[in-house]
Amino acid sequence: MYHDNYEEDDLAAEVELVTSAQFTQDTDVEDGFGSEGVISSQKQPIAVEIPDIIKNFITYFHRNVLENNVYELHTIYEVSFNKLTDRFYAKQPWPEAELISPLVDDDQVFLTLYRELYYRHIYARLSPSLQDRFHSYENYCDLFNYILNSDFPVNLELPNQWLWDIIDEFIYQFQSFCNCRNRVKNRSEEEIALLRDNPQIWSCYSVLNVLYSLIQKSRINEQLLVNKNGGDMLEAAGEYGSKPLYKMLGYFSIIGLLRVHCLLGDYTLALKMMDNIELNKKALFSRVIPCHVTTYYYVGFSYMMMRRYADAIKAFSTVLTFIQRTKQYHTRSYQFDQIAKKCDQMYALLAMCIALCPTRLDENIHNHLREKYGDQLSKMQKGEDSMNVFEDLFQYACPKFISPNGPNFEDPASLSQAIEPYQHHAKIFLNDIRNQAMIPTLRSFLKLYTTMSIDKLAAFLEMDAEELRTQLLIFKQRSRQQKWTTGNLLEGDVVSTSDLDFCIKQDMIHIAESKIGRRYGDWFLRNITRFQDVIATLEAKN
Amino acid sequence: MANLAMNRPEVIQSLIDGVDRYNPDNISILEEYLTTQCQNEEYDLMANLAALKLYQFNPHLTNDKVIINILVKALTAVPAPDFNLCLYLLTEPMIIDEPIQQLTSLQQLLEQSRFAKFWETFNSDPSYEKLVSNVSGFKKAIRNLVARVVSMTHQQISVQLLQSYLDLKGDDFTAFVKEQNWEVKDSIVQIPVNKDNEAKTVVIRENIKFEQLTKVIGYSNEI
Numbered sequence: 001m002y003h004d005n006y007e008e009d010d011l012a013a014e015v016e017l018v019t020s021a022q023f024t025q026d027t028d029v030e031d032g033f034g035s036e037g038v039i040s041s042q043k044q045p046i047a048v049e050i051p052d053i054i055k056n057f058i059t060y061f062h063r064n065v066l067e068n069n070v071y072e073l074h075t076i077y078e079v080s081f082n083k084l085t086d087r088f089y090a091k092q093p094w095p096e097a098e099l100i101s102p103l104v105d106d107d108q109v110f111l112t113l114y115r116e117l118y119y120r121h122i123y124a125r126l127s128p129s130l131q132d133r134f135h136s137y138e139n140y141c142d143l144f145n146y147i148l149n150s151d152f153p154v155n156l157e158l159p160n161q162w163l164w165d166i167i168d169e170f171i172y173q174f175q176s177f178c179n180c181r182n183r184v185k186n187r188s189e190e191e192i193a194l195l196r197d198n199p200q201i202w203s204c205y206s207v208l209n210v211l212y213s214l215i216q217k218s219r220i221n222e223q224l225l226v227n228k229n230g231g232d233m234l235e236a237a238g239e240y241g242s243k244p245l246y247k248m249l250g251y252f253s254i255i256g257l258l259r260v261h262c263l264l265g266d267y268t269l270a271l272k273m274m275d276n277i278e279l280n281k282k283a284l285f286s287r288v289i290p291c292h293v294t295t296y297y298y299v300g301f302s303y304m305m306m307r308r309y310a311d312a313i314k315a316f317s318t319v320l321t322f323i324q325r326t327k328q329y330h331t332r333s334y335q336f337d338q339i340a341k342k343c344d345q346m347y348a349l350l351a352m353c354i355a356l357c358p359t360r361l362d363e364n365i366h367n368h369l370r371e372k373y374g375d376q377l378s379k380m381q382k383g384e385d386s387m388n389v390f391e392d393l394f395q396y397a398c399p400k401f402i403s404p405n406g407p408n409f410e411d412p413a414s415l416s417q418a419i420e421p422y423q424h425h426a427k428i429f430l431n432d433i434r435n436q437a438m439i440p441t442l443r444s445f446l447k448l449y450t451t452m453s454i455d456k457l458a459a460f461l462e463m464d465a466e467e468l469r470t471q472l473l474i475f476k477q478r479s480r481q482q483k484w485t486t487g488n489l490l491e492g493d494v495v496s497t498s499d500l501d502f503c504i505k506q507d508m509i510h511i512a513e514s515k516i517g518r519r520y521g522d523w524f525l526r527n528i529t530r531f532q533d534v535i536a537t538l539e540a541k542n
Numbered sequence: 001m002a003n004l005a006m007n008r009p010e011v012i013q014s015l016i017d018g019v020d021r022y023n024p025d026n027i028s029i030l031e032e033y034l035t036t037q038c039q040n041e042e043y044d045l046m047a048n049l050a051a052l053k054l055y056q057f058n059p060h061l062t063n064d065k066v067i068i069n070i071l072v073k074a075l076t077a078v079p080a081p082d083f084n085l086c087l088y089l090l091t092e093p094m095i096i097d098e099p100i101q102q103l104t105s106l107q108q109l110l111e112q113s114r115f116a117k118f119w120e121t122f123n124s125d126p127s128y129e130k131l132v133s134n135v136s137g138f139k140k141a142i143r144n145l146v147a148r149v150v151s152m153t154h155q156q157i158s159v160q161l162l163q164s165y166l167d168l169k170g171d172d173f174t175a176f177v178k179e180q181n182w183e184v185k186d187s188i189v190q191i192p193v194n195k196d197n198e199a200k201t202v203v204i205r206e207n208i209k210f211e212q213l214t215k216v217i218g219y220s221n222e223i
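Here the protein sequences line up with chains Z and U, keeping their order.
Residues in the first sequence are numbered from 1 upward in steps of one, following the UniProt record's numbering.
Residues in the second sequence are numbered from 1 upward in steps of one, following the UniProt record's numbering.
Among the clues, some could well be false.
Residues from chain Z shown here face chain U by an in silico Cβ test under 8 angstroms; the list is partial [to be verified]:
no. : residue
1   : Y205
2   : H424
3   : S498
Just so you know, the hints here were simulated from the structure itself, not pulled from any lab data.
Heads up, the beta-carbon is just placed ideally off N, CA and C, and yes, glycines get one too.
With the hints as constraints, model all of the structure from the sequences given.
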């Protein structure tokens, strides 16, 4: 049995044996990978032996793909593949598809899926050369062509997690390509020629085309509408959309578009992509945790960039609460590190939003926030050195923005002065929040009074009366935000998001503070339940 | 997003809803629609962002005049963040261009509510007037914006201060104040109370939902 070949105990023992042999080989290969974007790909030593365990693994893997055994594939994909990677391919690529092709009867579909993993592994653990990037793109084209351009729905079933990862990785590689395309400094002539002659590879239009085609083929938007408003699901889904493969790929493509548009700085369009998806626990995205996290991260980030801080806060705290509650399930996940990083970024964004729009948080989340970003939060709230803190947090927590077009290779001057898209977005964002830098201070003073003359407050704040009036106008405007209540994500009413409000009567400021009455309900409910338990125990003892 | 276009033509609606929004051939439709907005004092952010999107993907189509008109329109929507949402879709070399820099400085003044300074800057150089010349009713739109902010914040404001915010004097000022249904008494403008300028202390009370009680009600059944 294949299983016997890589039982865990067995594995540990064998790792010992192979490490010494492996290491010498690794250093050789590593020299080859050194700098990113070297044309010569990390080729395998020609006569490399594929270990028997790997051979068996691949045959077993192939058989389960053929049999559409989603349950087994789940384990193969999430557990075995990663374990074997750690053991044999931590520092070198998996065997090339051509080498394993005899093991799988030259099954092209399987080889395409295998290459998807092969390149993903190179991206994750090694550094992809320009050629790897091109080949990986072509492989995605093969995969999507196979799925989209067949006369009948293809007979293939893959675990949801894998389907999500396909879309996620496709976009990641697109983003990674866009960022590396702009760094032309150390490129050889040959590479520049390659980039110049192949503008269609990893172009925005081709990426959007894939995502939209998957959405259309799966009729996912129609399906979501039926889900929301009722109707005949089978009819809405159609021949392709009723297959889980198509349905999930279509659904994940919507989330993918949310992400792509966000990376491009189009925040309204990003949220518009979510028109048919309702953000709640029943939504499909919650079935795959990384997808769940991604969705809320980009929704929250888009809201933040649209100055809808209250909505951003809600998005971040919802998903962070969810992650905290389900911690035990994903600490074991192979993507745990990534999830943890995204959460950390969301705490940073949450800290920024809280500073920009003071809001009472769920206690749990608030404690975590203070633990992680307590210092930064208090600096931002007190307005000390706050712009630097905002900048640092933004840089750490923002997505990797991309510019949709490559450099102009005809114009050498423009090549040298390409500006990172990050700079562009950070500059606009920071300029925007700089305008409200005085608000925390102003707020702390206003909280102390119910009426106050403008001149007197200006003297306290050591500014002239005219400047204070200006700051009050800013305060007022920034305490009003569009906030979602119902409908799709872009909708919302303009409401007051501050507990502190004021009005000016000529030279006097009249201040009012909303107070939150004490909450008794929760306390009583908790204790009723507790007493009930005590009574139940007592009765049981009788 | 203030003054959302209520009468968005169907062609535009279906264009921005579907994949057609990526088709470079449609840029002329969006550009024409912008021209109508500029002439008729209408405003449709979503359609204008769609035009900028096409420029983003197809830099060779970029039309500087259109971009300027879109940004001028977005100025009139302050305090909504429209202007920045447009800037995010442009590139760094584009926004350091002189005309866009000029508009950005106007935007900053509006965002900072430095209205008197805004007019001072605007009137200091005829090039500003030229920049906004395609957008009819620009000054009126800015004055309405000022009026919105003032009425959110004030119940009373001195005539002199308001005049500097609006860059209006004499009969023009009187007419504007009347149009807003404000009253002038002893050089003080009285602004009626609205939901934003009344500053009332509110105590937010707890609202217990039925769902919270289901468990307790369940117990009572057992007894």
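inquiry  = Interface hint check: Z:S498, Cβ to nearest Cβ on chain U, cutoff 8 angstroms. Holds or violated?
reply    = violated (11 angstroms)
message = Quick check on Z:H424 please, does its C-beta sit within 8 angstroms of some C-beta on chain U?
response = Cβ of Z:H424 sits 5 angstroms from chain U, so the hint holds.
task = Have a go at the Z:Y205 hint: is there a Cβ in chain U nearer than 8 angstroms to its own Cβ?
result = Cβ of Z:Y205 sits 7 angstroms from chain U, so the hint holds.
Going down the numbered hints, you'll see the structure goes against just number 3.
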